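Going down the list, the protein sequences come from chains A and B. Per this note's numbering, residue 1 is the first one in the first sequence, and the count goes up by one each step. Per this note's numbering, residue 1 is the first one in the second sequence, and the count goes up by one each step.
Source of the hints: derived by calculation from the structure; they are not laboratory data. Given the structure is predicted, the values throughout are model-derived calculations rather than measurements. Hints are not guaranteed to be accurate.
[As the list claims (entries may be wrong)] Each computed SDA-like pair below joins lysine to any residue, with the alpha-carbon atoms no more than 25 Å apart:
no., chain 1, residue 1, chain 2, residue 2
1, A, Lys129, B, Ala246
2, A, Lys125, A, Ala153
3, A, Lys121, B, Arg85
4, A, Lys136, B, Val285
5, A, Lys129, B, Asn301
[Said to hold, decoys possible] Which bits of chain B does chain A cover? Going by a derived footprint, with three or more residues having C-beta under 8 Å, they are:
no., segment
6, 121-133
7, 170-183
[Stated by the list, open to error] Pair by pair, the computed Cβ-Cβ distance ranges are:
no., chain 1, residue 1, chain 2, residue 2, range
8, A, Lys59, B, Ala176, 39 to 45 Å
9, A, Lys59, B, Lys48, 28 to 34 Å
10, A, Glu69, B, Asp284, 38 to 44 Å
11, B, Ala246, A, Ala75, 37 to 43 Å
12, B, Phe308, A, Lys59, 15 to 21 Å
13, B, Glu295, A, Ala170, 23 to 29 Å
14, A, Ala51, B, Thr35, 51 to 57 Å
15, A, Gly124, B, Lys249, 48 to 54 Å
16, A, Glu69, B, Lys249, 19 to 25 Å
17, A, Ala8, B, Asp244, 29 to 35 Å
18, A, Glu69, B, Asp291, 27 to 33 Å
19, A, Gly124, B, Glu172, 42 to 48 Å
20, A, Glu69, B, Glu261, 53 to 59 Å
A virtual CB, placed ideally from N, CA and C, is assigned to each residue, including glycine.
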Amino acid sequence: MNLDRFDAFNIFAALMLVAAAAILGTSGGDTHATGAVSAKVRSEAATPPDASTLYATAKQLIESGQPEEAVKSLAGIAEKFPAEAEAHSLLGQAYARMLDYPASMKEFRLALTIEPDYVDKKSGKFIGKRIKAVVKDGMSEAKVALEKAPEDAAAKAALKDAYYLDRMLAGGCE
Amino acid sequence: MFSKGMFRLILSALIIYALLSGCNKKVDQPAATDTKPVRIGFMICNSKEETEARFRPLTEWLSGKLGRRFEAVTIDTVDVEQAVRDGQVEFTHTNSLLYVILNKNYGVEVLGADIKGRHGYKSNGAIVVLKDSPIKTLKDLKDKRMVFGPMLAPTGYLSQYDMMLKDGFDPEEGLAFYTIPKGSFKHDKVIYSLLFGAYDAASVPMLDFELMSKDGRIDPEDFRIIAESEPIPYCTFSVTEGVDDALAKQVKDALLSLKPEDTVEYDGERVKVLKAAMLDGIADVKDSEYDPVREMARRCNMPPYQKF
Numbered sequence: 001m002n003l004d005r006f007d008a009f010n011i012f013a014a015l016m017l018v019a020a021a022a023i024l025g026t027s028g029g030d031t032h033a034t035g036a037v038s039a040k041v042r043s044e045a046a047t048p049p050d051a052s053t054l055y056a057t058a059k060q061l062i063e064s065g066q067p068e069e070a071v072k073s074l075a076g077i078a079e080k081f082p083a084e085a086e087a088h089s090l091l092g093q094a095y096a097r098m099l100d101y102p103a104s105m106k107e108f109r110l111a112l113t114i115e116p117d118y119v120d121k122k123s124g125k126f127i128g129k130r131i132k133a134v135v136k137d138g139m140s141e142a143k144v145a146l147e148k149a150p151e152d153a154a155a156k157a158a159l160k161d162a163y164y165l166d167r168m169l170a171g172g173c174e
Numbered sequence: 001m002f003s004k005g006m007f008r009l010i011l012s013a014l015i016i017y018a019l020l021s022g023c024n025k026k027v028d029q030p031a032a033t034d035t036k037p038v039r040i041g042f043m044i045c046n047s048k049e050e051t052e053a054r055f056r057p058l059t060e061w062l063s064g065k066l067g068r069r070f071e072a073v074t075i076d077t078v079d080v081e082q083a084v085r086d087g088q089v090e091f092t093h094t095n096s097l098l099y100v101i102l103n104k105n106y107g108v109e110v111l112g113a114d115i116k117g118r119h120g121y122k123s124n125g126a127i128v129v130l131k132d133s134p135i136k137t138l139k140d141l142k143d144k145r146m147v148f149g150p151m152l153a154p155t156g157y158l159s160q161y162d163m164m165l166k167d168g169f170d171p172e173e174g175l176a177f178y179t180i181p182k183g184s185f186k187h188d189k190v191i192y193s194l195l196f197g198a199y200d201a202a203s204v205p206m207l208d209f210e211l212m213s214k215d216g217r218i219d220p221e222d223f224r225i226i227a228e229s230e231p232i233p234y235c236t237f238s239v240t241e242g243v244d245d246a247l248a249k250q251v252k253d254a255l256l257s258l259k260p261e262d263t264v265e266y267d268g269e270r271v272k273v274l275k276a277a278m279l280d281g282i283a284d285v286k287d288s289e290y291d292p293v294r295e296m297a298r299r300c301n302m303p304p305y306q307k308f
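Bound conformation, chain A alone:
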């Protein structure tokens, strides 16, 4: 069998594509390392060893009306493992129960930066509608605060987070 230059090119292209497909296949299709989470943070981050128990306990605390306790248990995790989207998501939910909308929106924003599936309805992680409820209250609270004090930096930051989350909920890409 004689191989011409076209065949040689095809063999090379096929080998490169197979290698690329193998690498993509092993890396998993469910990671979304984007935006504010730097490569350094991601490389340092790891899942806490007892993550599922920690998160289940935090969820239980939030739902049994003890969001402050949930915040205490999650704050350390979010600090030590900054790429843990679930820790930020649960912190967002806990702060929402405490009616601290700026903190809630900030945590939801961090969670979404790491894991956009929280606003993807086809994903089992979808919590978009409860984020929407927080954005509704948080946005109006920030606007009222800015009407009273137009230079209020905290209110400006909260409004910025609210608009970011609003865009994400609308399906926008960041």
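Fit chain B to the known structure of chain A by using the hints.
Frame of chain A, contents of chain B only:
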């Protein structure tokens, strides 16, 4: 061994495979099969039996209308939040305060509100005394005994509590004593206990008051209303966070299309769906129409805005 044509064919197949396998494969949740029932969690209003009798014909009608099985699940008022949290139901039918709680904490969204009584899809609450009572105003409630409806009842507790606070009267400090009846048919018990003199004033949902008057169980002339709240949305159908948008729309459209003449074969007889549900229809409402309930909950330090 291989011809050049065969070699090129294999090579092309390999390239196509490589291209396709490089695509990002996303695994979605398994789609719900049509055989799996769609569960509607109905908040128990007066009793489990009454709620089942009211809403089972409606779920049967929905099953026929939409071609998939719907199931009525009756849930105690205090257990509704947990049922939604644990994914035990796809849709809910609750009072407006519970809707506001579920909306804030679990992303539940409104589909429609029950139409019943003189305010259409809204209802209101009142503080009622006997006609010959010396109590004329809210201030006169000072050191009096009062009976309220259940704490999560928007027009049986929340509205009245809010009216008193807005008038500068703190029920916790001003009343000599207040209580909430136990068991089923709490709103009826509130009205009867006032009528029979157990308390000086009662916190009454106007819909129940009107219904009991219409049925001849009470004579409205025996009572006097000293304060009446603004109407707020009545009981509400809503959809939980994870439900497919297309199914939610189908259910909403079906509910809004319900007419008094719509019937369903239920328990061996043909029944009128709305009549069985004791409703006049279901109205399209916006989430913002629940803002007055949210404001009341904030003022009264009630869930979901309770601060400890």
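We went through each hint and held it up to the structure:
1. A/Lys129 to B/Ala246: Roughly 16 Å separates the two Cα atoms, so the pair holds.
2. A/Lys125 to A/Ala153: Not satisfied, since the Cα-Cα distance of roughly 32 Å exceeds 25 Å.
3. A/Lys121 to B/Arg85: Holds: A/Lys121 and B/Arg85 sit about 17 Å apart, inside 25 Å.
4. A/Lys136 to B/Val285: 17 Å, holds
5. A/Lys129 to B/Asn301: Satisfied, since the Cα-Cα distance of roughly 24 Å is no more than 25 Å.
6. 121-133: violated (count 0)
7. 170-183: With 0 residues close enough to chain A, the hint is violated.
8. A/Lys59 to B/Ala176: 39 to 45 Å: 42 Å, holds
9. A/Lys59 to B/Lys48: 28 to 34 Å: 29 Å, holds
10. A/Glu69 to B/Asp284: 38 to 44 Å: 41 Å, holds
11. B/Ala246 to A/Ala75: 37 to 43 Å: 40 Å, holds
12. B/Phe308 to A/Lys59: 15 to 21 Å: 19 Å, holds
13. B/Glu295 to A/Ala170: 23 to 29 Å: 27 Å, holds
14. A/Ala51 to B/Thr35: 51 to 57 Å: 35 Å, violated
15. A/Gly124 to B/Lys249: 48 to 54 Å: 22 Å, violated
16. A/Glu69 to B/Lys249: 19 to 25 Å: Between A/Glu69 and B/Lys249, where Cβ atoms are some 39 Å apart, the hint is violated.
17. A/Ala8 to B/Asp244: 29 to 35 Å: 51 Å, violated
18. A/Glu69 to B/Asp291: 27 to 33 Å: 30 Å, holds
19. A/Gly124 to B/Glu172: 42 to 48 Å: 44 Å, holds
20. A/Glu69 to B/Glu261: 53 to 59 Å: 54 Å, holds
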